[in-house]
Amino acid sequence: MELNSIFSLFANAKHGDRRSLAKLLTKIENGEEIDIPTTKAAWVLGVTGPPGAGKSTLIDRLASYWSENRQRVAILAVDPSSPISGGALLGDRARMVHSNPAQVFFRSISARGNHGGIPNGLEDMIQTLSELGWDRIIIETVGVGQGEFAVISVADRILLVDGPDRGDVLQAEKAGILEIADLIACNKSDLPGSLAAMKSIEDGLSYSENPPPVIGVSSLTGDGIENLIHRIETMEPDLGKSTARAKISLECSMISRIRKSPLYDDVVNDISKNKITSKEGAERLEEYYGRL
Amino acid sequence: MRVVIAKAGLDGHDRGAKIIARALRDGGHEVIYTGLRRTPEQIVAIARDEDASAVGISTLSGAHARLIPTICELLRAEGMDEVTVFVGGIIPDTDREALYGCGVRAIFGPGTSINEPITFLQNVNERTQQNLPVGVGHGGDWKWS
Numbered sequence: 000m001e002l003n004s005i006f007s008l009f010a011n012a013k014h015g016d017r018r019s020l021a022k023l024l025t026k027i028e029n030g031e032e033i034d035i036p037t038t039k040a041a042w043v044l045g046v047t048g049p050p051g052a053g054k055s056t057l058i059d060r061l062a063s064y065w066s067e068n069r070q071r072v073a074i075l076a077v078d079p080s081s082p083i084s085g086g087a088l089l090g091d092r093a094r095m096v097h098s099n100p101a102q103v104f105f106r107s108i109s110a111r112g113n114h115g116g117i118p119n120g121l122e123d124m125i126q127t128l129s130e131l132g133w134d135r136i137i138i139e140t141v142g143v144g145q146g147e148f149a150v151i152s153v154a155d156r157i158l159l160v161d162g163p164d165r166g167d168v169l170q171a172e173k174a175g176i177l178e179i180a181d182l183i184a185c186n187k188s189d190l191p192g193s194l195a196a197m198k199s200i201e202d203g204l205s206y207s208e209n210p211p212p213v214i215g216v217s218s219l220t221g222d223g224i225e226n227l228i229h230r231i232e233t234m235e236p237d238l239g240k241s242t243a244r245a246k247i248s249l250e251c252s253m254i255s256r257i258r259k260s261p262l263y264d265d266v267v268n269d270i271s272k273n274k275i276t277s278k279e280g281a282e283r284l285e286e287y288y289g290r291l
Numbered sequence: 068m069r070v071v072i073a074k075a076g077l078d079g080h081d082r083g084a085k086i087i088a089r090a091l092r093d094g095g096h097e098v099i100y101t102g103l104r105r106t107p108e109q110i111v112a113i114a115r116d117e118d119a120s121a122v123g124i125s126t127l128s129g130a131h132a133r134l135i136p137t138i139c140e141l142l143r144a145e146g147m148d149e150v151t152v153f154v155g156g157i158i159p160d161t162d163r164e165a166l167y168g169c170g171v172r173a174i175f176g177p178g179t180s181i182n183e184p185i186t187f188l189q190n191v192n193e194r195t196q197q198n199l200p201v202g203v204g205h206g207g208d209w210k211w212s
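Protein chains in written order, with the working numbering: chain A, 0 to 291; chain B, 68 to 212.
Heads up, a few of these hints could be off.
Unchecked claim - Coverage of chain A stretches by chain B, computed from C-beta distances (three or more under 8 Å per stretch; other residues unrestricted):
#1 17-26
#2 88-94
#3 102-116
Hints listed in this document are in silico derivations from the structure and should not be mistaken for laboratory results. Glycine is no exception: its CB is placed at the ideal position from the N, C-alpha and C atoms.
Using the sequences and the hints given, assemble the complete structure.
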């Protein structure tokens with residue numbers, strides 16, 4: 000008898016069956032509704048930052064440390080999808096070398112076209128993992144501008160990972176995420192220029208009221224990791240969400256909602272064929288919601 | 068489909084695997100690349116946790132005769148009979164029958180066009196819809212040619 004219902008998959012996953020957990024997450028990702036009990040508040044760390052900063056490698060270190068300390072760690076790594084083919088190359092998993100797969104659960108998730116919005120089912124996946132007993136849930140996303148900050152909506156602790164070798168540390172400043180993060184890890188402290196990068200980030204924050212601490216780490220050598228973990232563990236989660244985060248969360252939710260509108264594909268089509276402008280397209284969607 | 072592209076053993080040649088991974092992405096698939104130097108156990112755990120429908124194993128170092136059958140056995144032991152296994156890299160003709168015998172459904176050697184693995188997976192999809200054997204534990208001798 001094949002027990003493939005969400006209910007039985009959840010029950011099996013609760014008993015530790017990884018395959019059931021994996022299939023359960025697939026169903027959630029594909030839009031199946033799930034009625035999850037909410038007995039536990041999820042502990043969620045969002046890790047974001049520009050590509051190449053070393054997020055995945057750093058997460059490997061964090062997960063390794065926590066799992067050695069008997070914490071069960073689950074990682075959901077979101078990568079962009081191709082706007083043309085819809086496919087995705089999910090390569091974050093390749094960096095997981097130190098952590099023990101028996102203790103650490105890793106799932107690669109394609110944005111599935113949902114850039115700037117929240118990947119379908121992500122919130123349900125997080126709640127499911129939490130209910131199944133995962134102590135630490137890490138969400139990894141690429142942050143290259145306002146578009147990829149959906150992680151802010153689902154995490155109560157935000158870690159920004161930046162580094163010295165991207166040429167222009169000011170990019171992070173421009174994106175505005177510097178002030179929204181709870182902690183900033185300046186990675187690659189083993190490389191020359193890392194101190195200058197740290198200083199540059201700190202200077203960029205010097206006019207904020209409550210700037211996030213900037214911590215130098217090296218995911219390559221492990222330097223500074225324990226300090227970073229201590230900071231993560233002891234910081235106050237932003238459960239209430241500051242105004243800035245509230246705005247971003249709302250906008251991400253709106254974007255996801257708009258994409259689910261039955262008019263969406265037609266409007267996109269009309270814009271692409273030059274029948275209407277994007278402004279007119281937006282008005283059409285607004286009218287639709289107004290009439291609901 | 069969710070497809071795992073895996074580099075097994077100590078073989079450090081990843082160019083082919085990455086090209087195939089990108090081609091599959093351009094074909095609309097969600098491709099999980101395992102990175103280098105994965106053991107058979109790790110590859111199976113990855114395929115299991117990612118709920119992959121297919122696993123492509125790349126090997127150019129000559130260790131295929133040992134690694135591939137082990138991966139196939141472990142997949143079956145994990146109850147993952149329905150996962151399609153395909154192989155790429157350097158596999159001498161004389162070794163291919165043995166691999167097919169383990170449940171491998173396609174072998175893509177040098178000279179394979181970018182489109183072939185995509186067409187193969189399309190075929191796998193169609194066969195799955197018709198309940199025809201495609202998995203490493205499904206038996207039968209269907210293979211890509």
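A quick look at each hint next to the structure:
1. Coverage of a stretch by a chain is defined here by at least three residues with a beta carbon nearer than 8 Å to that chain's beta carbons; for the stretch 17-26 of chain A and chain B the count is 7, and the condition holds.
2. Coverage of the stretch 88-94 of chain A by chain B holds in this model, with 6 residues showing a Cβ closer than 8 Å to a Cβ of that chain against a need of three.
3. Using a Cβ-Cβ cut-off of 8 Å, 5 residues of the stretch 102-116 of chain A lie near chain B, which meets the minimum of three, so the contact claim holds.
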